[in-house]
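What follows is the residue order along each chain.
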Amino acid sequence: MTAATRPGPGRLAYLAFCTLVFVFLVAPILVIVPLSFNAEPYFTFTEGMLRLDPDAWSLRWYREIIENEAWTGSLVNSMVIGVSATVIATVLGTLAALGLANPAVPARRAIMGILISPMVTPVIIAAAGMFFFYSGLGLGQTHLGIILAHAALGVPFVVVTVTATLAAYDPNLTRAAASLGAGPWTTFRRVQFPLIAPGVISGALFAFAVSFDEVVVVLFMGGVDQRTIPRQMWSGIREQISPAILAVATFLIAFAALLLLTVEWLRRRGRA
Amino acid sequence: MKVPVAHERRAQLRALGLVAPLLIFIGVTFIAPLATMLTRSVHDPVVADALPETLALLEAWDGTGTPPEAVYAAAARELERAAAERTVGQVAGRVNRVQGGLRSVVTGTARDLGDIGQGPWREAMTAIDEAWADPATWHAIRTTGERFTARHYLNAVDLQRLPDGSVASQPEERRIYLRLFLRTLMVSGVITLLCLLLGYPIAHLIARAPPHRANLLLVLVLVPFWTSLLVRTTAWIVLLQTQGVLNDILVAMGLVSDDGRLAMVYNMTGTIVAMTHVLLPFMVLPLYSVMRGIPSTHMNAAASLGATPLQAFLRVYWPQSLPGVGAGALLVFILAIGYYITPALVGGSDGQLISNMIAYHMQTSLNWGLAAALGGVLLAGVLLLYALYDRLVGVERMGLG
Chain D
293 MTAATRPGPG RLAYLAFCTL VFVFLVAPIL VIVPLSFNAE PYFTFTEGML
343 RLDPDAWSLR WYREIIENEA WTGSLVNSMV IGVSATVIAT VLGTLAALGL
393 ANPAVPARRA IMGILISPMV TPVIIAAAGM FFFYSGLGLG QTHLGIILAH
443 AALGVPFVVV TVTATLAAYD PNLTRAAASL GAGPWTTFRR VQFPLIAPGV
493 ISGALFAFAV SFDEVVVVLF MGGVDQRTIP RQMWSGIREQ ISPAILAVAT
543 FLIAFAALLL LTVEWLRRRG RA
Chain F
26 MKVPVAHERR AQLRALGLVA PLLIFIGVTF IAPLATMLTR SVHDPVVADA
76 LPETLALLEA WDGTGTPPEA VYAAAARELE RAAAERTVGQ VAGRVNRVQG
126 GLRSVVTGTA RDLGDIGQGP WREAMTAIDE AWADPATWHA IRTTGERFTA
176 RHYLNAVDLQ RLPDGSVASQ PEERRIYLRL FLRTLMVSGV ITLLCLLLGY
226 PIAHLIARAP PHRANLLLVL VLVPFWTSLL VRTTAWIVLL QTQGVLNDIL
276 VAMGLVSDDG RLAMVYNMTG TIVAMTHVLL PFMVLPLYSV MRGIPSTHMN
326 AAASLGATPL QAFLRVYWPQ SLPGVGAGAL LVFILAIGYY ITPALVGGSD
376 GQLISNMIAY HMQTSLNWGL AAALGGVLLA GVLLLYALYD RLVGVERMGL
426 G
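Residue numbers (the numbering used here), protein chains in the order written: chain D, 293 to 564; chain F, 26 to 426.
The shape of chain D in the complex, shown without the other chains (with noise of 0.2 Å):
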């Protein structure tokens, strides 16, 4: 009782090194975020900046990528990219899923084993694999020859999710339809869907967010007309590195903060 009331020093001391370590998850990335407002091309704060002088601050970062069509460009080959890649993944991977549940299935685990397999193998042997074979179809440096890389790489996240939404779901909820007169797919559409749906959107946000993060299959396979915004960056890292970048990295924090958002607000929503 008393340690909880009056923390001891041990406790402090462990209380202080976990804000530490959240210090450190979250700090760097909202650095980015003041930056990107910086009047000067410098990477780091300058005194005006930190007087809060208002001639400091200023927005032509922000002006300077949406007048560049290298930037909206990407932008739009990212979208058209990133839903493709997503539809497939997620239509593909919730039937799987389905497919999976069913503990009759022969050779679970290792089917299972090879749908996930695009997630852990590093992603430079994928890519360098996709490149040989991809080529040779004569899809390298094509949209759909990206769209399909990624959605494989997509894959394994749908399966995942929608197999724990899965996992809850009550079986005799199928048998209790079936008994009330409702054909399969009636079942489908009107009781399981609608129950498992918070899985499936979060499964499609995830592969989403792959696709929209991906560079490597990008650089390896995408042309000029290929160039997405992760592609786009990793130019702006490696070439001629200019706060434009920062501003651009604010956006995609700002996306990922909804995305996170709106899975969380899923998955409690599944959840209950």
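No wet-lab data here; the hints were simulated from the structure.
The model shown is predicted, which means the values in this text are computed figures rather than measured ones.
We treat Cβ as the ideally placed atom computed from N, Cα and C, and that holds for glycine.
One or more of the hints may lead you astray.
Unchecked claim - Sample of chain F residues at the chain D side, in silico, Cβ under 10 Å:
1) V44
2) L47
3) I56
4) P58
5) A95
6) Q195
7) R199
8) G214
9) L223
10) L245
11) L254
12) G363
To be verified - If you anchor each label on the Cβ, the simulated ranges turn out as follows:
13) Y306/D x H68/F: 28 to 38 Å
14) L550/D x P196/F: 47 to 57 Å
15) Q268/F x A546/D: 23 to 33 Å
Given the coordinates of chain D, assemble chain F onto it according to the supplied hints.
Same frame as chain D, now just chain F:
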């Protein structure tokens, strides 16, 4: 008896029917590319296709002295044809990798042979370049002429096949890959330990916190998890570079002098710090989900039985959290050994890992056979750990705790 069996069979078939489309999709879009790459690590037909007769005649050569005139004649004819078909550059590149300096010998000879109408070819070729009188040149051609070859894998582990067929170490200055594999393993081990050290306390804190606060803290862990990898890498460059935020703070505090700014990025430090940051959520989430299942009453019971907090932790809490430690550590380690992006951007020259070497051979040196063999070794290691993970944790619980 018959009816339920038929019924079960139908359900099984329907389930398989649902899985089949994805299985085929992954087979074509993912497994087939991996297989293509692994094939390249053992199959290299370029030289065999370009110089078939030369290689067939070389079979009979005993390996000492120069080969017979017939070999020279065939080589002259086939090199000329390779030059006309523009494949001689690829042939020269491969021969050059076995025996340095032969690239220009092969391309130069192929070019000059066009002006010489007739033999004897041994004199003609040796006149173009002395190297044709050296048995080592012919050994190199014979080695690269193997359609199926182990030399890329030997090369990937710093070995080579000597002309007499025995296997030996590469010369000292070419022994780089084993050291790089070892460095990759060590760096991954260090990163895994750092993640455990940083992740264990906060996973414990979140697991013991009241639900609404636990949710808030979990979001803090998940923010980096969802934030673009390139954004996180950029963030570390901004923080750690010599004119960056952290150095500015240290200088302002007087801890380092302005010209003594620390080099914390574009080296191994940068790789380790940024990768620990990137992989920490993968440690915290599995730890958290195991720790949530450890009843807090156990620690109270241990305390009431007279255990000190340290004893209670070591004998009661730690053993129960071990499944989470195993799952998290294994996952972080698997992801770390294949990491490419972060070391490529913040690793500088000494912070590169094996994946970066594979990329180098894919994009710069264009030694695709070696890139594939290095990838094959790395992939074998990853799959072994993946199988272990499946046994210990189950792959369907991967990544999300």
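Verification of the hints:
no.: 1; hint: V44; verdict: holds (4 Å)
no.: 2; hint: L47; verdict: holds (4 Å)
no.: 3; hint: I56; verdict: holds (7 Å)
no.: 4; hint: P58; verdict: holds (3 Å)
no.: 5; hint: A95; verdict: violated (37 Å)
no.: 6; hint: Q195; verdict: violated (23 Å)
no.: 7; hint: R199; verdict: violated (22 Å)
no.: 8; hint: G214; verdict: violated (17 Å)
no.: 9; hint: L223; verdict: holds (5 Å)
no.: 10; hint: L245; verdict: holds (5 Å)
no.: 11; hint: L254; verdict: holds (6 Å)
no.: 12; hint: G363; verdict: holds (3 Å)
no.: 13; hint: Y306/D x H68/F: 28 to 38 Å; verdict: violated (57 Å)
no.: 14; hint: L550/D x P196/F: 47 to 57 Å; verdict: holds (56 Å)
no.: 15; hint: Q268/F x A546/D: 23 to 33 Å; verdict: holds (27 Å)
Checked against the numbered hints listed earlier, the structure breaks hints 5, 6, 7, 8, 13; every other hint is satisfied.
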